[in-house]
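J.: These are the residues of each chain, in order.
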Amino acid sequence: EVQLVESGGGLVQPGGSLRLSCAASGFTFSDHYMDWVRQAPGKGLEWVGRTRNKANSYTTEYAASVKGRFTFSRDDSKNSLYLQMNSLKTEDTAVYYCARVHSGSNCYDYWGQGTLVAVSS
Amino acid sequence: DIQLTQSPSFLSASVGDRVTITCRASQGISSYLAWYQQKPGKAPKLLIYVASTLQSGVPSRFSGSGSGTEFTLTISSLQPEDFATYYCQQLNSYPLTFGGGTKVEIK
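Order-wise, the sequence lines are chains A and B.
So in this note's numbering, spot 5 of the first sequence is number 5, and the numbers just go up one at a time.
So in this note's numbering, spot 18 of the second sequence is number 18, and the numbers just go up one at a time.
Don't take each hint at face value.
If you only want the chain A side, here are some residues facing chain B, beta carbon under 8 angstroms, derived [unchecked claim]:
id : residue
1  : W47
2  : E61
3  : A63
4  : A64
5  : Y97
6  : H102
7  : C107
8  : Y108
9  : D109
10 : W111
11 : Q113
12 : G114
Over 12 angstroms on every C-beta distance to chain A, these chain B residues come out as not near it, computed from the model [as the list claims (entries may be wrong)]:
id : residue
13 : L11
14 : S12
15 : V15
16 : D17
17 : R18
18 : T22
19 : S65
20 : G68
21 : E70
22 : S76
23 : S77
24 : P80
25 : D82
26 : V104
No wet-lab data here; the hints were simulated from the structure.
Treat the numbers as computed from the prediction; the structure is a model and nothing was measured.
Beta carbons are placed, not taken as given, at the ideal position from N, Cα and C, and that holds for glycine.
Hey, can you work out the whole structure from these sequences and the hints?
T.: This is the structure we're talking about:
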């Protein structure tokens, strides 16, 4: 069974940092691109960015709203995806989901349960 | 960036109704569109990809159509478990973007 489990969310002050993790199981993690998607309270979905697989040199794509502040990484030996968030702003407050990219169609066939990041003083 | 406009943003319907949600793209995206269903407090669930392909395990009352700039998600006979918010997502170019959502509520 495919599972994605996010962790690391919490309350942080503006300007602070946080690192989210996404632990994957039930599939060959190293084969797949992985994305982060977030959802502010009561709002819609927002794509945060993508980490490609080793075959594609682990290259990344970032949303303009997070570029330069957020960094994606992955450790295929640990079946884990990471999101390092620096210089956090109140507008980064959201539930953060990791999602597996469906091979060939670019969409998400599996999602984690999400982890809440609250940026507030 | 490609903007996706969903309509309506809110829909009130009864069990058994046929429901259609539209997603319009600000520029052509071929068939690179997906639809998701989200229930309160839960992660989204993939329903349709490449505009019209039903994801495994999704009931056949859900269907998708369209290409280019106009797409539709149709629920042929609304069931109680279908009351949720629906999002489209374009997968044609970065940044990937979502529509604003359509909330389907019980009439």
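J.: Which hints from the list above does the structure break, by number from lowest to highest?
T.: As far as the earlier hints go, not one is violated by this structure.
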